[in-house]
Amino acid sequence: MSAVDDHLAAARADLTRIDPLAANALRERGEAVFIDIRPVVNRLEEGEIPGSIPVERIHLEWRLDPAGDHRIPGFDADSTVIVLCNEGYASSFAARDIKALGLPHATDLIGGFRAWHAAGLPVRDGGTPAVP
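Heads up, the final residue of the sequence shown is numbered 132 in UniProt numbering, and it's a clean run with no missing numbers.
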């Protein structure tokens with residue numbers, strides 16, 4: 001196993017990852033905040049999950065710190081936050097990092113956006129500007 005595989009396994013060890021069907025059930029009930037860290041080119045080409053919030057990875061910690069002055073509205077420390085990327089690798093690292101900020105229910109989407117899309121779940125046109 002490579003160093004990055006070890007690092008990924010360690011990041012995932014503390015997450016309760018969620019599959020697309022379970023994540024969609026939370027989305028439909030309004031019980032989770034979806035954070036899309038994919039590059040805009042991927043979001044433009046493939047679409048986005050309805051209601052997801054695009055946040056560039058370089059801004060993630062500032063926008064998801066539940067006690068921070070620069071956080072996005074619509075969540076608090078008790079919220080379920082689901083981070084997604086293309087295939088569910090970078091999102092595991094991102095979810096680990098925001099969980100450490102004080103979001104105990106932070107997790108990531110197993111298989112990422114592409115697994116969501118492959119499951120036939122709702123998708124909207126992409127290209128929503130990321131939260132600055």
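Keep in mind that the hints were calculated from the coordinates and are not lab data. A few of these clues could be false.
In the SDA-like style, the derived pairs of lysine to any residue whose C-alpha atoms are separated by at most 20 Å in a straight line are [to be verified]:
1. K99 / G126
2. K99 / L44
3. K99 / V40
4. K99 / A118
5. K99 / G47
6. K99 / P73
7. K99 / R63
8. K99 / R12
9. K99 / L121
10. K99 / G120
11. K99 / R124
12. K99 / V123
13. K99 / E56
14. K99 / H59
15. K99 / A9
16. K99 / T128
17. K99 / A10
18. K99 / R57
19. K99 / I18
20. K99 / D76
21. K99 / W62
22. K99 / N42
23. K99 / L26
24. K99 / P129
25. K99 / H117
26. K99 / D6
27. K99 / S2
28. K99 / V41
29. K99 / I110
30. K99 / D125
31. K99 / R17
32. K99 / G127
33. K99 / D19
These figures come from a predicted structure and were not determined experimentally.
Comparing the hints with the structure gives:
Proximity of K99 to G126 is assessed by CA-CA distance (about 27 Å); at most 20 Å being required, the pair is judged violated. Distance check on the hinted pair: K99 and L44 sit about 28 Å apart at the alpha-carbon level, beyond 20 Å; violated. Among the hinted pairs, K99 with V40 is inconsistent with the structure: their alpha-carbon atoms are about 24 Å apart, more than 20 Å. Simply put, K99 and A118 have alpha-carbon atoms about 27 Å apart, too far for the 20 Å limit, and the pair is violated.
The straight-line distance between the Cα atoms of K99 and G47 is roughly 26 Å, outside the 20 Å bound, and the hint therefore fails. Distance hint between K99 and P73 is fulfilled; the C-alpha atoms sit about 17 Å from each other, no more than 20 Å. Under the criterion of a C-alpha separation no larger than 20 Å, the hint pairing K99 with R63 is consistent with the structure, at around 13 Å. Simply put, K99 and R12 have alpha-carbon atoms about 11 Å apart, close enough for the 20 Å limit, and the pair holds.
This hinted pair does not check out: K99 and L121 have alpha carbons roughly 26 Å apart, beyond 20 Å. Distance restraint check for K99 and G120: the Cα-Cα separation of roughly 29 Å exceeds the 20 Å cut-off, and the hinted pair is therefore not satisfied. A distance of roughly 27 Å separates the Cα atoms of K99 and R124; the hinted pair therefore is violated under the 20 Å criterion. The hinted pair formed by K99 and V123 fails the criterion: a straight-line CA distance of about 26 Å is larger than 20 Å.
Restraint check: the Cα-Cα separation between K99 and E56 comes to about 17 Å, which is no more than 20 Å; the hinted pair holds. A hinted pair counts as satisfied when its Cα atoms are at most 20 Å apart, and K99 with H59 qualifies at roughly 15 Å. A hinted pair counts as satisfied when its Cα atoms are at most 20 Å apart, and K99 with A9 qualifies at roughly 16 Å. Annotation: proposed proximity of K99 to T128 is violated, straight-line Cα distance about 25 Å (limit 20 Å).
The hinted pair formed by K99 and A10 meets the criterion: a straight-line CA distance of about 14 Å does not exceed 20 Å. The suggested pairing of K99 with R57 holds, with an alpha-carbon distance near 15 Å, which does not exceed 20 Å. Only pairs whose Cα atoms come within 20 Å are accepted, and K99 paired with I18 is accepted, the gap being roughly 15 Å. Our distance criterion of 20 Å between C-alpha atoms is met by K99 and D76, whose separation comes to about 12 Å.
Pair hint K99 plus W62 holds up; C-alpha atoms about 13 Å apart against a cutoff of 20 Å. Restraint check for K99 and N42: the C-alpha separation of about 25 Å exceeds 20 Å, so the hint is violated. Proximity of K99 to L26 is assessed by CA-CA distance (about 19 Å); at most 20 Å being required, the pair is judged to hold. Under the criterion of a C-alpha separation no larger than 20 Å, the hint pairing K99 with P129 is inconsistent with the structure, at around 24 Å.
Annotation: proposed proximity of K99 to H117 is violated, straight-line Cα distance about 26 Å (limit 20 Å). For the hint linking K99 to D6, the alpha-carbon distance of about 19 Å falls within 20 Å, and the restraint holds. Simply put, K99 and S2 have alpha-carbon atoms about 24 Å apart, too far for the 20 Å limit, and the pair is violated. Proposed proximity of K99 and V41 is contradicted: the alpha carbons are some 27 Å apart, above 20 Å.
Of the pairs offered as hints, the one joining K99 and I110 holds, with about 17 Å between alpha carbons and a cut-off of 20 Å not exceeded. Our distance criterion of 20 Å between C-alpha atoms is broken by K99 and D125, whose separation comes to about 29 Å. The suggested pairing of K99 with R17 holds, with an alpha-carbon distance near 12 Å, which does not exceed 20 Å. Restraint check for K99 and G127: the C-alpha separation of about 27 Å exceeds 20 Å, so the hint is violated.
With a CA separation close to 18 Å, the supplied pair K99 and D19 stays within the 20 Å bound.
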